[in-house]
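Undergrad: Those sequence lines, one after another, are chains Z and W.
Residues in the first sequence are numbered from 1 upward in steps of one, following the working numbering.
Residues in the second sequence are numbered from 1 upward in steps of one, following the working numbering.
Keep in mind that the hints are not guaranteed to be accurate.
[Said to hold, decoys possible] In silico lysine to aspartate or glutamate, DMTMM-like type, Cα no more than 20 Å apart, as pairs:
| hint | chain 1 | residue 1 | chain 2 | residue 2 |
| --- | --- | --- | --- | --- |
| 1 | W | K116 | W | E49 |
| 2 | Z | K67 | W | E49 |
| 3 | Z | K34 | Z | E9 |
| 4 | Z | K130 | W | D86 |
| 5 | Z | K130 | Z | E166 |
| 6 | W | K48 | Z | E166 |
| 7 | W | K48 | Z | E37 |
| 8 | W | K81 | Z | E153 |
| 9 | Z | K67 | Z | D55 |
| 10 | W | K81 | Z | D55 |
| 11 | Z | K123 | Z | D55 |
| 12 | W | K81 | Z | E37 |
| 13 | Z | K137 | W | E13 |
| 14 | Z | K130 | Z | E146 |
| 15 | Z | K133 | W | D86 |
[To be verified] Have a look at the derived ranges for each label pair, beta carbon to beta carbon:
| hint | chain 1 | residue 1 | chain 2 | residue 2 | range |
| --- | --- | --- | --- | --- | --- |
| 16 | W | D139 | Z | T107 | 28 to 36 Å |
| 17 | Z | A23 | W | Q127 | 23 to 31 Å |
| 18 | Z | N151 | W | N110 | 19 to 27 Å |
| 19 | W | V10 | Z | Q66 | 49 to 57 Å |
| 20 | W | G111 | Z | G39 | 38 to 46 Å |
| 21 | W | V10 | Z | R18 | 17 to 25 Å |
| 22 | Z | D170 | W | D139 | 43 to 51 Å |
| 23 | W | V10 | Z | N24 | 21 to 29 Å |
| 24 | Z | T35 | W | E49 | 50 to 58 Å |
[Claimed, not checked] Just some of the chain W residues that point at chain Z, by a computed CB distance under 10 Å:
| hint | residue |
| --- | --- |
| 25 | K81 |
| 26 | G84 |
| 27 | K116 |
| 28 | A134 |
To be clear, the hints were calculated from the coordinates, so they are not data collected in a lab.
Ideal placement from N, C-alpha and C gives every residue a C-beta, glycine not left out.
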Amino acid sequence: MAVEKFPVEAGHIMMFARSVGDANPIYADESYAKTTETGGIIAPPTFIQASSQYDPDASLRPKIGQKWFGSGAKPSGSNAPAEESLAGDAGGTSGGGTGLHGGQHYTYHQNMKPGDVLTAESKPGQRWEKESKRAGKLIFSESITEYKNQNGELVVTARSVGIQTERVVDQG
Amino acid sequence: MSLKSTDINVGDEYAEVIVNDLSRTQLVQYAGTSGDYNPLHTDELFAKEIGGYPTVFAHGMLTMGMTGKMLTNWVGDGRLKTFGLDFRTQVWPGDTLTATAIVSEIIEENGEQVVKADVTTSNQNGQVVAIGYASAILD
Chain Z
1 MAVEKFPVEA
11 GHIMMFARSV
21 GDANPIYADE
31 SYAKTTETGG
41 IIAPPTFIQA
51 SSQYDPDASL
61 RPKIGQKWFG
71 SGAKPSGSNA
81 PAEESLAGDA
91 GGTSGGGTGL
101 HGGQHYTYHQ
111 NMKPGDVLTA
121 ESKPGQRWEK
131 ESKRAGKLIF
141 SESITEYKNQ
151 NGELVVTARS
161 VGIQTERVVD
171 QG
Chain W
1 MSLKSTDINV
11 GDEYAEVIVN
21 DLSRTQLVQY
31 AGTSGDYNPL
41 HTDELFAKEI
51 GGYPTVFAHG
61 MLTMGMTGKM
71 LTNWVGDGRL
81 KTFGLDFRTQ
91 VWPGDTLTAT
101 AIVSEIIEEN
111 GEQVVKADVT
121 TSNQNGQVVA
131 IGYASAILD
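The following block holds chain Z by itself, in its conformation from the complex (with noise of 0.2 Å):
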């Protein structure tokens, strides 16, 4: 992924607090959180996550005018075909396997306020197999990415771990 500008807004950040179901009004209200310790609104933990809204290539935001891998008049889209809808990454599925994110890790080096403007630069991690008997073969790769601010300074490190599942995970 690469983000060139992700802005972060205030009307964003409340928005995601309340998608994660978080009251707090330090995510909220600019008066409350001008007399808590950060001095002014905050983004919670995860927002960094709402980049991909800035990232031009996100596989899984509809694009205007191309064909999205979703149902409309059929499960695969009325306007994909079924072998497009099987291919990409996260979510998009292969042979019966499925893409999962498997996990993410945050180091945080300062706030996300509103009137950050961020860039993000990725690059891949590790990547390893192992064996599961809910999904068959698992592959894990790990993809890195350092968020900077307008600054210059490094506001959050991510990284990733995206599962490449032989087949869809058993409910068993």
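Based on the hints, put chain W in the right spot on chain Z.
TA: Chain W only, in chain Z's frame:
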């Protein structure tokens, strides 16, 4: 209010119910704010017919976001240094999740008191859905 180093000990536990009867609407809400519109999380037809799953399931990052709420309620705002989770099994609509932090260490790092904790989020059946760690600066 932030956690004080004089108020905690190794082995101390803090827990919160982070969601009760998880709704499909919350999955839609999280998709909208995070930008992860993977239809496996919001599109029943796709999840069943194409994904092969019994129904839609929660974004791992929604579970992590809700677990983060427990952590910030515990350690205070803007205090986290690290936070990591591995997702062990899926979270489904209707699930009720409890997130727990157990103090594993209290150390001094760059002149600051830092709490390290083991973090676990479990569903209503006691099954662990996510497991990991966090650390935070204490007062």
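Undergrad: Would you mind marking each hint as holding or not holding in the structure?
TA: Checked hints:
1. W:K116 <-> W:E49: violated, 43 Å
2. Z:K67 <-> W:E49: holds, 18 Å
3. Z:K34 <-> Z:E9: This hinted pair holds, its Cα atoms lying about 16 Å apart.
4. Z:K130 <-> W:D86: holds, 15 Å
5. Z:K130 <-> Z:E166: holds, 11 Å
6. W:K48 <-> Z:E166: Holds: K48 (chain W) and E166 (chain Z) sit about 18 Å apart, inside 20 Å.
7. W:K48 <-> Z:E37: Violated: K48 (chain W) and E37 (chain Z) sit about 47 Å apart, past 20 Å.
8. W:K81 <-> Z:E153: The given pair, whose Cα atoms are some 16 Å apart, holds under the 20 Å limit.
9. Z:K67 <-> Z:D55: holds, 18 Å
10. W:K81 <-> Z:D55: Distance ~25 Å between K81 (chain W) and D55 (chain Z) Cα, so the pair is violated.
11. Z:K123 <-> Z:D55: holds, 15 Å
12. W:K81 <-> Z:E37: holds, 16 Å
13. Z:K137 <-> W:E13: violated, 36 Å
14. Z:K130 <-> Z:E146: violated, 27 Å
15. Z:K133 <-> W:D86: With Cα atoms ~18 Å apart, K133 (chain Z) and D86 (chain W) stay inside 20 Å; holds.
16. W:D139 <-> Z:T107: 28 to 36 Å: The hinted range 28 to 36 Å is violated for D139 (chain W) and T107 (chain Z), with Cβ atoms some 21 Å apart.
17. Z:A23 <-> W:Q127: 23 to 31 Å: Taking Cβ atoms as reference, A23 (chain Z) and Q127 (chain W) lie about 27 Å apart, which means the hint holds.
18. Z:N151 <-> W:N110: 19 to 27 Å: holds, 21 Å
19. W:V10 <-> Z:Q66: 49 to 57 Å: About 53 Å separates the Cβ atoms of V10 (chain W) and Q66 (chain Z), which means 49 to 57 Å holds.
20. W:G111 <-> Z:G39: 38 to 46 Å: violated, 21 Å
21. W:V10 <-> Z:R18: 17 to 25 Å: violated, 35 Å
22. Z:D170 <-> W:D139: 43 to 51 Å: Taking Cβ atoms as reference, D170 (chain Z) and D139 (chain W) lie about 47 Å apart, which means the hint holds.
23. W:V10 <-> Z:N24: 21 to 29 Å: Since V10 (chain W) and N24 (chain Z) have Cβ atoms about 27 Å apart, the given range 21 to 29 Å holds.
24. Z:T35 <-> W:E49: 50 to 58 Å: 52 Å Cβ-Cβ, so the 50 to 58 Å window holds.
25. K81: This hint holds: K81 (chain W) lies near chain Z, its Cβ roughly 6 Å from the closest one there, short of 10 Å.
26. G84: Holds. Min distance 3 Å.
27. K116: Cβ of K116 (chain W) sits 13 Å from chain Z, so the hint is violated.
28. A134: At 9 Å from the nearest chain Z Cβ, A134 (chain W) passes the 10 Å test, so the hint holds.
Of the numbered hints given earlier, the model fails hints 1, 7, 10, 13, 14, 16, 20, 21 and 27; all others are met.
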